[in-house]
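*Asks:* Sequence:
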Amino acid sequence: MKEQRIILKTPRLTFVMWDEGDAILVQQLHTTMATTRYLPGNVPWSLQKAEERLRGWFEEQARDGTTKYKLLAEDGSFVGRAGISKFNEQFELGYSLREEVWGQGLATEAASVLADWFFERELASGFIAFTHPENIASQRVLRKIGMRERAPILIDGVLDTAFELTADMRPAKL
1 MKEQRIILKT PRLTFVMWDE GDAILVQQLH TTMATTRYLP GNVPWSLQKA
51 EERLRGWFEE QARDGTTKYK LLAEDGSFVG RAGISKFNEQ FELGYSLREE
101 VWGQGLATEA ASVLADWFFE RELASGFIAF THPENIASQR VLRKIGMRER
151 APILIDGVLD TAFELTADMR PAKL
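So the sequence shown is numbered by the UniProt record's numbering: it starts at 1 and just counts up by one.
Some hints here could point you the wrong way.
[Said to hold, decoys possible] Here are the simulated distance ranges between beta carbons:
1. Gly76 x Ala124: 30 to 38 Å
2. Asp19 x Thr166: 29 to 37 Å
3. Pro152 x Ala62: 30 to 38 Å
4. Gln48 x Asp156: 17 to 25 Å
Hints were generated in silico from the structure; no laboratory data involved.
C-beta: ideal position from N, C-alpha, C; glycine also.
Whole structure, please, built from the sequences with the hints as guidance.
*Replies:* Structure representation (structure tokens):
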């Protein structure tokens with residue numbers, strides 16, 4: 001098995017950079033209506049779309065030093081993607097998990113450690129996130145990590161709920 005460069009690690013998740021052949025994992029992540037219903041386009045991803053996104057993540061990592069990373073569970077299995085990348089000249093937090101791991105707190109765990117990592121690296125004074133207005137579960141995650149709602153943002157014809165987090169807004173660590 002190829003050695004993977006660990007970007008971040010939590011008790012239950014490991015963030016690693018993608019491998020060239022990972023487009024099939026990305027496609028499998030976004031192959032159901034449940035995992036794509038809140039994404040732009042609202043349709044399962046083709047392999048071509050997954051390959052395009054993967055190329056984009058490699059480009060973002062090279063350019064900005066951050067992107068959406070591959071998420072692995074403790075046993076090494078693929079459970080999703082999460083990271084911070086540029087969106088309209090602002091850094092943006094994003095994540096997507098396989099449906100079978102929903103409800104286990106992994107999105108909150110991933111988002112929280114990414115926020116800490118972002119501010120420790122001093123990539124910028126803050127970042128944004130946005131969700132489809134009906135994606136209440138994701139909005140809960142963003143609020144749990146201290147993000148505050150701001151003016152909605154129009155993305156692909158949908159007025160998404162938008163959030164922001166700055167270093168001075170971060171809740172104190174216990």
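*Asks:* Holds or violated: the 17 to 25 Å window for the beta-carbon distance between Gln48 and Asp156?
*Replies:* For Gln48 and Asp156 the Cβ distance comes to about 18 Å; the hint holds.
*Asks:* Evaluate the given range 29 to 37 Å for the C-beta pair formed by Asp19 and Thr166.
*Replies:* 34 Å, holds
*Asks:* Looking only at beta-carbon atoms, does the pair Gly76, Ala124 fall within the given range of 30 to 38 Å?
*Replies:* 32 Å Cβ-Cβ, so the 30 to 38 Å window holds.
*Asks:* Could you tell me whether the CB distance from Pro152 to Ala62 stays inside 30 to 38 Å?
*Replies:* 32 Å, holds
Going through the hint list in order, the structure satisfies each hint without exception.
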